[in-house]
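**Q** Okay, here's what each chain looks like letter by letter:
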Amino acid sequence: MRDNVSQVVAEVGKVLLGKEREVQLALTCLLANGHLLIEDLPGMGKTTLAHALAKVVGLNYQRVQFTSDMLPADILGVSIFDQAASEFSFHPGPIFSQLLLADEINRTTPKTQSALLEAMEERQVTIDGDTRPLPQPFFVIATQNPQSQMGTFPLPESQLDRFLMCISLGYPDPEAEMALFKGGDSRRLIDQLPTLMTPATLLSIRQDIEKISASDSVLSYLQRLVHLTRHDSQYTHGLSPRGALGLLHCAKAWAYMQNRDYLIPEDIQAVVPSVVTHRVMADSFSEQAPMEKLLQSVDILP
Amino acid sequence: MSARHLSLPVPTLGWLLITQALILLPLTVQLPIWLTGLALVVMVWRLQSSRGRWPHFGRWYKVLVALAVMAGLAATFRNLAMNAMVSLLVAGFVLKLLELHKPGDVRALSYLGYFVIGTQLLYTSGFVGSVYALLCVLVMTVTLMVNHVGAVPAGQFKPIRKVFMMSAQALPIMLALFFLVPRIGSLWTVPLNSATGTTGVSSSMSPGDIASLMQSDEVALRATFEGDIPESRQLYWRALVLDHFDGRTWSQSSIQDVKARSYTRWRESDRELQVSGKRYDYEVMLEPTDENWLYTLAAPASYSEGIWLSRGMTLYQRDAVSQRQQYSVTTHVNYTNQAEGLSELLRRVSLRIPRDSNPATRTLAEQWRRQAPNDQVLIQRFLDHIQADFSYTLQPPTLGEHSVDEFLTQTKAGFCEHFSSSFVFFMRAAGIPARVVVGYQGGRINPVEGYLTVRQLDAHAWAEVWLEGQGWVRVDPTSAVSPERIDRGVQYSLDSADSELLGDAWSRRFFMLSNLQLRLDAFNYRWHRWVMNYDKAKQKAFMQKLFGSSAPWLMVLYVMAAAGIMVVLILLPNFVGKRAQRRPFVERWYEKLCRQLAVQGYPRRSGEGARDYAQRVGQEAPELAQLLAESTALFEQAVYQNEQVSHSRLRLLLHLIKSKKYR
Chain A
1 MRDNVSQVVA EVGKVLLGKE REVQLALTCL LANGHLLIED LPGMGKTTLA
51 HALAKVVGLN YQRVQFTSDM LPADILGVSI FDQAASEFSF HPGPIFSQLL
101 LADEINRTTP KTQSALLEAM EERQVTIDGD TRPLPQPFFV IATQNPQSQM
151 GTFPLPESQL DRFLMCISLG YPDPEAEMAL FKGGDSRRLI DQLPTLMTPA
201 TLLSIRQDIE KISASDSVLS YLQRLVHLTR HDSQYTHGLS PRGALGLLHC
251 AKAWAYMQNR DYLIPEDIQA VVPSVVTHRV MADSFSEQAP MEKLLQSVDI
301 LP
Chain B
303 MSARHLSLPV PTLGWLLITQ ALILLPLTVQ LPIWLTGLAL VVMVWRLQSS
353 RGRWPHFGRW YKVLVALAVM AGLAATFRNL AMNAMVSLLV AGFVLKLLEL
403 HKPGDVRALS YLGYFVIGTQ LLYTSGFVGS VYALLCVLVM TVTLMVNHVG
453 AVPAGQFKPI RKVFMMSAQA LPIMLALFFL VPRIGSLWTV PLNSATGTTG
503 VSSSMSPGDI ASLMQSDEVA LRATFEGDIP ESRQLYWRAL VLDHFDGRTW
553 SQSSIQDVKA RSYTRWRESD RELQVSGKRY DYEVMLEPTD ENWLYTLAAP
603 ASYSEGIWLS RGMTLYQRDA VSQRQQYSVT THVNYTNQAE GLSELLRRVS
653 LRIPRDSNPA TRTLAEQWRR QAPNDQVLIQ RFLDHIQADF SYTLQPPTLG
703 EHSVDEFLTQ TKAGFCEHFS SSFVFFMRAA GIPARVVVGY QGGRINPVEG
753 YLTVRQLDAH AWAEVWLEGQ GWVRVDPTSA VSPERIDRGV QYSLDSADSE
803 LLGDAWSRRF FMLSNLQLRL DAFNYRWHRW VMNYDKAKQK AFMQKLFGSS
853 APWLMVLYVM AAAGIMVVLI LLPNFVGKRA QRRPFVERWY EKLCRQLAVQ
903 GYPRRSGEGA RDYAQRVGQE APELAQLLAE STALFEQAVY QNEQVSHSRL
953 RLLLHLIKSK KYR
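Residue numbers (the working numbering), protein chains in the order written: chain A, 1 to 302; chain B, 303 to 965.
Next comes chain B alone, as it looks inside the complex:
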């Protein structure tokens, strides 16, 4: 075969390559770099070989290349995670170019292309990503159209316009399907790659954990409040209660652990919550964390279904948060929990400290304990102490074995992690039940949409102490040292060297950029809230609003009615158009005749004249010859001689042929 026979029309190939490049562009970040290189090489080769510059490959070369790529994939990914599967798909998508000869091949490749576009959304579901995917779909459709139509001189046919017209026509159907088709939850969840799942606070707190978190500008969660947003000093997003200390790391004790699920044995009175103060209803949209705990302000009074309350009055759910998740919570500014008395188990856990660690602090704590008339005085004395000559910095000196001792007596500089850790240790040493709470503090209000964005750099750790009659009370030692951290956010509490370490350092320098970012974020948020998170509940609410009822049978009825109307609307113009210029009886009759003969195994060839056809069929099936000769003669009389012929005779002939009476 010569190169001429192998090559596709230039426009088709051009569109195809452009589409492939567009589709693969966002995926290149996720794929192994050699696969991107391979894609480039194959695409360039395809272009050159169709221009006759580079040679075509034989079959065995193709097999060799395919095997090599498979081996490469196997070596790169040793498991069957999502990335491996997507890479395989992309490899197939690209290598198909090596054997692209016929328009049919392009069609197959296009269908595969739509699938690959779908995989883009596995990695990004933001507004920009979705719009980009949609663009890819449109361009893919243009390619399909160009391929289908074949070579047409420029100007005769405008594929882009045509595709936009078709897409515009499909839009109402898409919207109706989106709103009306019953929402089924995801049938399975794709495990995220471990590399991407390390966002958010973790279940233990070692020195430096939070500081590294603060270097990230990524959004942790967004919250929409009904009514006012609480002031900044109230915005403590609680995630986990850490009540176990091994001398260096704080973690959850077994009774608190929301992953171990040993939290079921509640003492009923422990859950009792007396609330007072202003009530806040809000909806949280949590970015995927790959962990199962959720974030709330203060202690939640009520919350969405499928979420549970832990002993530390935090929320968690059964499965890890693997995609953006939305839940609503009600909290009050003030609450009292377990004021009546601490259970023995909880008290023991909340007082436990390693035996040999930090002896100096223990001695000091016991000394202060004896001097203080009550717990509040002791706490206040500690806070006053650190306020006096401690400083807040993101670059604290490193600490040795007895970290609390060294921090309190020598370095005297650190951030929330150090303050909360040493505070809780000190209180426990002084006999006051205390625990560390981690989560986020603060957040920035998006002026465009009015919701609160909490980012990783808002990560924070603080403390809670148990006081007789008051229950668990929040104490934030960091606020004693650096009140700005709490009131205005972490950006304002650091000197310039420190704030360079924060994740948003770069965008803070350009006002325009940060403004743009805010707008984009607002858009994204809205997109997620109303489009990506359009679930069963939202659909139900929508139906309720639209039809006044959300009974399933009614929904089905509406869906069917909508579908029916749409089908009629689509077919109607066709039908009306046909009727308006209805074709002459004889022509329709002849088409019926041809159809009937085709059924009997003698189809009319395309473009074949009536006389030739009759003659050919007459030779193949002599028993038909006479009927067909008469039919053709009548047809010619009517169509080409403009003479009147008897319609009943025509019908009779058709009937005879149909009923095979001639046999």
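Excised from the complex, chain A in its bound form:
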């Protein structure tokens, strides 16, 4: 199954050129059973990443473009009176899918945002008194534009916490861009991608990740990192226990992807920027330097 994972990375990498690490992180997030937030400008390949990932992992995929006049029902679904059967029948919204790409989530009103985020957390939706579970696995990739742009509703900190990871793709490097120019239409490429997993394999991989062992030493390292975010004034907030658990989970997923069944500090270091930044620095998460400083301030040995 591990071969599958590295193959997934390789296949997605064929479409999203030169972004191997971001693909790995996105996959880590998926394996760690968390939701992903991609913060980037339009046209950087966010949709391509989501689409390719859905295709390769074998998830059914829906995309919602968020707008300011959107209502919760537009995502969750609505009950409509069926004249023929003379009863209400439920028309599920796009959220009833295994991979949901919520594009430009900060364009819509807080009301709609919170409907989505609640569903993400609960993994079920309640409409007209009926609780309907969402499909398994359920994975949301939300994108948002940098908040300096006009006409946006920035996600509040409490809702940012719902996303396990926050990454940004960034511009491709020159070689990748050259290859991009030479290559064909990405939509066609995505259609050609093989499906390497089934939802069932994904679930069993998640179980394997749970079993990855973490020694006291590495847990103590994690704890010291978390402690520092709470006691150093350069972070607006300390890392919450949920955030710390998420960090551990991501690190384990990362270790799994590195073909290891135990955790080492490097795993934590690899995922810290994507997991921690948006939780401790609400103001400017483009700035990566504090995370480097955080990692430098804590030694792997006590």
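Misleading hints may appear alongside valid ones.
Stated by the list, open to error - Listed next, with one range per pair, are the computed distances between beta-carbon atoms: (1) B:908 / A:69: 50 to 58 Å; (2) A:175 / B:887: 45 to 53 Å; (3) B:377 / A:292: 31 to 39 Å.
Just so you know, the hints here were simulated from the structure itself, not pulled from any lab data. Treat the numbers as computed from the prediction; the structure is a model and nothing was measured. Beta carbons: idealized from backbone N, C-alpha and C, even for Gly.
Assemble chain B onto chain A, guided by the hints.
**A** Chain B in isolation, oriented as in the chain A frame:
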């Protein structure tokens, strides 16, 4: 660079400015006023510029300011006296604020600050001053601590408490060093400023000298007696014998001059001293006078080393008294000196008066001389005469050319200076050898500590006459006019208008204040006696008491033993703590490995993981790659997989890397 990058954390800057203000506060009295103004301006500027309100200066502005200050200092002080040097130091201390960007700058400034605190003690060494300096040191240390720790949210870190803890820990070490480290005398003495050195009686007596001295409330000396303190009428503190009169001013003749050092040719019999009566042993602590004479009661029978006896039976020393000085003396109430006969030289000097001065007095003296059967009768007649219709006042009418004539016949009002001067002149005119003695008379007993405080307002002048068979005898004509002056002190001998002129007029009005002053004085005295004046002799006595011996080698041994014990005590908890929770072998082994690699030029970056490290070093030094890969694998196995690994294998790997066998 933006202002944001230049500014220090707010707490650091705040503490720093507070500390600077505290340190400079007592120095402002001594420094030129413009320097104080500059300090204020710079500090306010620093505060405002760090808040982004005021602009930062470019480099050339700073150079300009520094040059201007140097020029200002050069113009203010034309010499290299202490004040100039302290001002320079303070200027540097303040101007450094202009280029304070990094924590390192604050550290440098703090070290300078400790030095500036030291200069406070150049001006004051009293108890309050010392405590204040200590406070400054503590606050400075807090600043250093805040700077070192950096920005920490409030409540997480309590720098004041920490500094007090550290200081408390340092206290025993300080005490041990104070008591045990061999005392070396001062290597050099800093010349006092001439402005501060004008206290105490001077080597000549012109009309008005003593009156101006009496307007000062300053302490001249303090004396601790073993046993009783002599009664007030015995408390004549002799300083100088003035035996030369030029018609207006009394001064020391060349044979008496304790500064000229022509006093070595003694006739042995002249020093002989027959003593009788009660014996007093006492210790005098003299305030700095910048002169070289000392003060004793009557004639000293024995005294500390390094002090000499002059022809006038007064004490002096080689160098000027530039700091508080302590010496002990033994005297007896009654003494006889040179009773056998006066040397010819001394007799001539003691009878000399200017030829043309005060003719009326000379005539009167010769007339009385013929009428008197002996010297005692003549002296008594003079004293009776002035007692009858002379008055004691601090505001005497001014006297003209023939001052003694005018005083004796017309004004008939004056104080000790006038009485002693005219008495001695009259006796000399009548053929009796006589001289003026200046010093202090009386003193106030401090009820708290039981020592005697003599202040400048106790300054006094009296006379000594030489009588056949009795030697030099003290006669105080002032006591004939105003016995209260001698018995109770100068405060009680004056009417209210006069006593307003005395130095302590203000504090006498408030009983509470004067009581407080007495207590403070007592404290200060004790402080000086036991702390500031803890010298070689006192140390020796202390060691003797503590260890029963004061042999140098034993002292060194004790010092070393004490230091050793202290080091052990400091390190022990550390060591014990470490041992108690000893870290796993593999972790210690890995740290050794990292140290070894650092020595070989590949230090592990802070926070770098083992695997990344091995990979990086492996790229930089391929010959190490394999050893390191195995080491790292074993390390990971042990630490992250909780598996047992072979310790001997680990040791071998470390050894291989250490011995550079891989090359």
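**Q** Looking back at the numbered hints, which does the structure fail to meet, lowest number first?
**A** Of the numbered hints, just 3 does not hold.
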